[in-house]
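Undergrad: Residue-level listing of the chains:
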Amino acid sequence: MPVNLFEQFQRAANAYFLFLLILQLIPEISSLSWFTTIVPLMMVFTITAVKDATDDCFRHKSDNQVNNRQAEADLLLLSSSEPHGLCYIETAELDGETNLKVRQALPVTSELGADIRRLAEFDGVVVCEPPNNKLDKFTGVLFWKDNRYSLNNEKMLLRGCVLRNTGWCFGMVIFAGPDTKLMQNSGRTKFKRTSIDRLMNTLVLWIFGFLVCMGIILAIGNSIWEQQVGAHFRIYLYWNEVVNSSVFSGFLTFWSYIIILNSVVPISLYVSVEVIRLGHSYFINWDRKMYYPKKDTPAEVRTTTLNEELGQIEYIFSDKTGTITQNIMTFNKCSINGKTYGKSVLINKTVPVDFSFNPLADRKFQFYDHSLIESIKLGDSVVHEFFRLLSLCHTVIVWVFFLVGELIYQVQSPDEGALVTAARNFGFIFKSRTPETITVEEMGKLVTYQLLAILDFNNIRKRMSVIVQTPDGQIKLYCKGADTILFERLHPSNEELMDLTSDHLEEFAGEGLRTLALAYKNLTEEHFKEWFKILQEANTSLDSRNEHLAAAYEEIEKDMMLLGATAIEDKLQEGVTETIASLSLANIKIWVLTGDKQETAMNIGYSCHMLTDTMNEIFIVAGHTVMKIQYSDREYFVFQAHALEADLENEFVEVACMCKTVICCRATPLQKAQVVELVKKHRKAVTLAIGDGANDISMIKSAHIGIGISGEEGMQAVLASDYSFAQFRYLKQLLLVHGRWSYFRMCKFLCYFFYKNFSFTLVHFWFGFFCGFSAQTVYDQWFITLFNIVYASLPVLAMGLFDQDVNEQNSMDYAKLYEPGQLNLLFNKRKFFICIAHGVYTSFALFFIPYGAFYNTAGEDGKHIADYQSFAVTILSIICFVSFYLQIALDTSYWTAINRFFILGSIAVYFAILFAMHSDGIFVIFPNHFPFESDMKKKIVVPPPSSHAALVFISAATHLNPPLESILHFWIMSNFRCCQRIL
Amino acid sequence: MAVNYNAKEEADGHPSGVGVPGGAGKSRKPDNTAFKQQRLPAWQPILTAGTVLPAFFIIGLIFIPIGIGIFVTSNNIREYEIDYTGTDSSSPCNKCLNVSWNSTPPCTCTINFTLDQPFETNVFMYYGLSNFYQNHRRYVKSRDDSQLNGDNNSLLHPSKECEPYSMSENKPIAPCGAIANSMFNDTLELFRIDNETRTPITLNKKGIAWWTDKNVKFRNPSGNTNNLTALFQGTTKPVNWPKPVYMLDSETDNNGFINEDFIVWMRTAALPTFRKLYRLIERKNNLQPTLQAGKYSLDITYNYPVHSFDGRKRMILSTISWMGGKNPFLGIAYITVGSICFFLGVVLLVIHHKYGNRNTSADIPN
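One line per chain: the protein sequences are A and B, in this order. Each residue of the first sequence is one higher than the last, beginning at 1 in the UniProt record's numbering. Each residue of the second sequence is one higher than the last, beginning at 1 in the UniProt record's numbering.
FYI, nobody ran anything at the bench for these hints, they're computed from the structure. Misleading hints may appear alongside valid ones.
Stated by the list, open to error - Taking beta-carbon pairs under 8 Å as the criterion, some of the chain B residues facing chain A (in silico):
#, residue
1, 178
2, 208
3, 276
It should be emphasised that the depicted structure is a prediction, and the values quoted were computed from it without experimental measurement. All C-beta atoms, glycine included, are put in the ideal place defined by N, C-alpha and C.
Kindly generate the complete structure, drawing on both the sequences and the hints.
TA: Shown next, in the form of structure tokens:
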């Protein structure tokens, strides 16, 4: 608690209030009692302390969650369970790619095996580069047993990767903790503030300047008054000896007025804003529409101070895998020998194919075209060959649960799994593999193929092949890969089929499906043996082995015969298309940033309707060079992230922002953040990043708002995020409903708050001209103490928490309603000046109308002359009703029971306190602190007509403009077509 | 196998919201309450042309008659004011312009005036001061409320706030402070001149202070004697006063701190131009007006210097209506605002008729 107090005093605002408190202790200056500052200050401190304590608690809980995760580090692979020290890893957490990658230990270290004793004796020394964020590069040297071995990325296991198909491995820690590449990539945690926060700080500074100006004006007034009038008035009002010159008196008055007028820089502003934001955060936490029952995860606000910014988002940067997609692949369509199979589920409500003839079929697999199964049953050889290829050409590992007799496929990539599962359902069941053989159950018959060679997949080749020998001795090469690559390697006789198939492929791609072309080749034994020799040589070559291998593969993968193509659906998460559509309607631009390859990314673009065939010109930037970018009416823009490395920033942002859709592929985590930073810097727009994996952390941290999808890929993104929920589609609810409301409420709150404080405080300023600039307050000190924390706090808090202009359904349905937030229309400097002007005007009326009504006159019994106390109570009551309650009533558009209770309750409390303070009892006990004892009961119950009339009059006069404003607003709005439907 | 699969499908297929089946913990599904889901029933008033226009007209139609009423009432109030400061060299009081507090013998002057119309009801006699800053911060706080409330301790040890008017000649001042020290001490007497004979008019000096002030807020020091002189033993008079506080009046219930002239003065004015109730002239019988039309003279014992700070002193005779003293301001203000409202209503109605019809559905579907 003392620490907390100390921290609080470090905040500039609180230090300022402490300074005021000290000023008040100087009797020459003190225009208010000490309690007028200390009571609100204590209140603010208490609330802030409670809030900080809650936040701390919450953070501890999260920290524990992190600490429970096993600590990982960047490792140098020493040995593994697989032959040759091979090790398979998945790096989805790092770069979002889901296919397996191979790492291989140095031969010398892989010999160590699992021998703990020898491993413990390992005393190699690694000299390597300093920690950096490059995921795909590592250079170092291992010195061991007087030898030096060069190390590269192929021997590294980075933090965040997951072992696959590998029993165990041993490694040597190279980097740990914050030095790991993953952490280096996660960007710096920045303290996030909303644009309203920044605006508020500026405005508070301005108000402060205004306060000083008022102080100076009144101080000068005081000096002049003292010289012209006060000097002669001394027969009734002695100088204190301390104050003996008018200039010095002016100086003291300046400070006195700073104390009195300090309520224009509202002490409770920041704390009220925090309370409102906390309330909004709870509403988000409580929203059932963002609760995902399958995982029992409600939405969670992790940073409670950003809510209103959710209503101002202009750019969304989204990860692909796991965020937009479910990362589940399904075999959806295929083209075999120039004929397409498979229909869209949505169009034809046909019965799915019945796979009951196949006891090993996967139940979850569904296919909607019966002709394919017919062809298989009829024994169409090409169709058989097609599925045989699918069952043979892959790197899937199979587990058999004998008890259930069920096959479990362990796959490197979900695509592959989908294909093998499809083959399985159509009767070509991959059953087992050994390093030399693959066993497949073909239409109920077990067939074992000799596996002669596997020609691996990599990103350059974009294809993989297997060479197998059938039981009857025939040698065959089966190849699957990207259509563009494969079509170049077909036998010329395939031309006709190729044309037909590429038409189909285009059609598939248009539907957003991931396509692969399949081909085979019959090999003669001699040809194979000849080639195998080349392969062996390549395998044993010492330098540039990869190039040699690639050349060898190239040699055999040509003149192939086309079989057909597959189309796999990368299943989108539920509701993604609709969400993206409504967010686009709300004028929010969605950029997809993914580590995946271009084709995959574009397929997703198509499938979620971000890209359509009608969009003209695909624009792809892949180069490193500065290129001339033509400004045509391009509608979308796909680029590879390394384009960012070139000096293209400005052009990039220019062009990208002109496009409807932007997709960025091959982006490393840091590049994702870089894109976000670019848009932040050049567009001054509010950005939101959403992702689920560790590779999205840096982007989540650098965007104004980071959202973590609590999905499959662990908790790291969630822990770095400001908000988290389970499904992409909840984004719509979060932005269009909660964000919009938060922004709307916060803006209304701020407008009212500034208005209230100005109208309240400036009355002193006007009064200054009539009391010799003596820093005499208009209201009594208790009112000044209590007005912001008792009388005027709850109704505005209720409005800030519960107000709604349109309901949830309309917010969702009319996405256009989101635009005022993006354009920053509801609270900006102009709006602020309007509020201030309204406040100044109200304070003017508040002072001068009672002045006119009280001037030189008497009350209805002749005794109530214009004495200070009556004057103060009249203005005070009017201010409460007019500037606090009537204004809040006009501002509140959604009157819940709580609003009504708070407003009526505040009025009741006002009267209760007024009566209590004017009662005989309290005066008798503290005659010096409550000197206002009077028959106020009579005064309030039978109000003096003049003050009563003044009240009604001021109410009308000062609030002419809100109805006026609203009616004008109404006419303007009704002329907008976009809003016509709601109004 | 089949059984396994079915079970799985069911769990997936029915997002029942029970959370993880068989999970030990409670479901984290938020409660479905109107509060948490922000569906609290609410009244949603919407300002449309249909509601705002009538409001303008109604305000206009209510305010104009009220304004007229107030204005007429205010005009019917009889009020007569005399500035007796004597700045004008022709004024009878000019000779007293530069008096000081304790000049002996006191300067007196007489001003004759004529009431053109009779004052029918009770008449209130006020003294008015201008350019007198009773609302100056240092002035306002220069008093000790507990001393005035009869606290014996405060009587002898006045509050620091009273400085520099708390001690005089090493004795505590009672009542202390600048307000008390500067108490208005002119004496005003009113005569009706009827055929050269001056008939004094009875001026009631009781009942001019607020009841609570007289009975609660201001109390004489307590003691086992009714002798005020003894009760104020050990204190001294305010510097400017000619006589101590226990000699303000001959009647015990109007002497000391509960002297009504004193109480009235101690209730500080809000503005530098103010009037304070001095005396009451009660209507004697129903046949005659309180003050008939005719000639009057005002005798002033001029003790209170205001000339040095350019102040003004006035004597005001006024009747009172249901809305208080004469004040045309409110009436005019009401009429003005009512007219503006009405006028704006008309303008807006015209605009609405001309342009507003474009939008046919002014009602908002909820």
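Undergrad: Need the list of violated hint numbers for this structure, in ascending order.
TA: none
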